[in-house]
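Straight run, no breaks: the sequence shown in this note's numbering ends on number 293.
Read the hints as simulated data drawn from the structure, not as lab findings.
Heads up, some of the hints might be wrong.
With a Cα cut of at most 30 Å, we get these calculated DSSO-like pairs of lysine-lysine [said to hold, decoys possible]:
| id | residue 1 | residue 2 |
| --- | --- | --- |
| 1 | K284 | K123 |
| 2 | K123 | K6 |
| 3 | K137 | K33 |
| 4 | K198 | K87 |
| 5 | K224 | K210 |
| 6 | K137 | K91 |
| 7 | K123 | K137 |
| 8 | K91 | K224 |
| 9 | K6 | K284 |
| 10 | K122 | K210 |
Bear in mind the structure is a predicted one, so any value in this text is a computation, not a measurement.
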Amino acid sequence: MQFVSKLQYKDCEPGEFFDSAMRTFDDTVSLIKEFPWALQREYTPVQLTCPSVTIKHSNGTYLKLGPFYNGKFTLYLLVRSGKVLHKVFVKLDDCIAVISDYFAGNDISTGFSEMHFISHRKKHFVTEKFEYVVSGKRILQFLFFPEIFLLVYFGLTIITASHGGTHQLEGLLFGLGLMALLVGPNWYLFFNYFNDCKDIYLRMSRGHQKFLFRTKTDMEEFDKADIEKVFIYMNTASRSLIHGYCIYEICFLNGYRIRISCLLMNEYQFRGKLPGKEFELVHKGFLTMKKNW
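Modelling step: build the complete structure from the supplied sequences, incorporating the hints.
Next up, the structure:
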């Protein structure tokens with residue numbers, strides 16, 4: 001009997017795994033015993049995404065072995081209903097005994113308790129691709145605030161003004177003018193960013209050292225070790241309606257640079273992909289994807 005098993009380290013983000021392969025029980029035990037538990041559990045919080053060995057059963061369930069406090073271990077069981085159960089063990093051999101039953105298809109949930117208040121449970125067990133492109137979902141996320149919010153607000157204002165009696169035309173024109181004034185720059189920047197990165201493909205995760213960047217004509221693999229510095233250009237005025245628009249510029253030791261707009265991923269996500277790298281925030285009043293600035 002063989003099941004998929006894979007590794008996760010303390011620098012990984014949810015859904016990021018290494019060395020995924022079909023393995024027998026004996027091979028999985030070897031994988032568990034060779035895992036650097038002492039090194040990986042150091043300064044690591046106890047949580048679902050953790051230094052671990054995860055096993056995917058053919059019945060659709062997942063079993064993850066991770067560290068607990070004071071040298072103990074935790075087994076996390078994701079059942080088909082989507083619930084996550086867990087149990088703490090003192091010794092690694094006790095966990096392996098449960099894993100043996102798991103390979104044999106036996107019910108191992110006795111003594112496990114359910115974990116509550118966990119959002120997106122499967123993301124801690126299922127492998128994510130970490131591919132970033134301009135998709136419809138990402139566009140909606142990007143435009144939700146303030147663009148869509150302001151459009152709805154001014155739409156209601158215009159509707160109200162259109163029923164305002166003798167001054168309805170003035171109210172309508174005022175609403176349209178105000179909407180164009182406040183929302184227009186946002187839409188200009190959106191289409192500018194969209195036109196620049198509509199053909200860009202980025203595959204990047206926190207734990208993997210290398211990442212792929214593809215334009216319409218070329219694809220190249222980069223090593224994070226070759227990054228000298230990262231600039232984040234944005235309007236730093238917190239009350240500005242274009243505050244959320246920013247561009248990331250990755251500068252390499254050989255002088256090569258690549259630019260990525262926040263239409264692919266937000267600033268929080270991007271910073272998390274490059275732990276330990278130096279970031280410099282640069283204020284730009286109205287930031288477009290020009291090639292020569």
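- prompt: Which hint numbers doesn't this structure obey?
  reply: 1, 3, 4, 6, 8, 9
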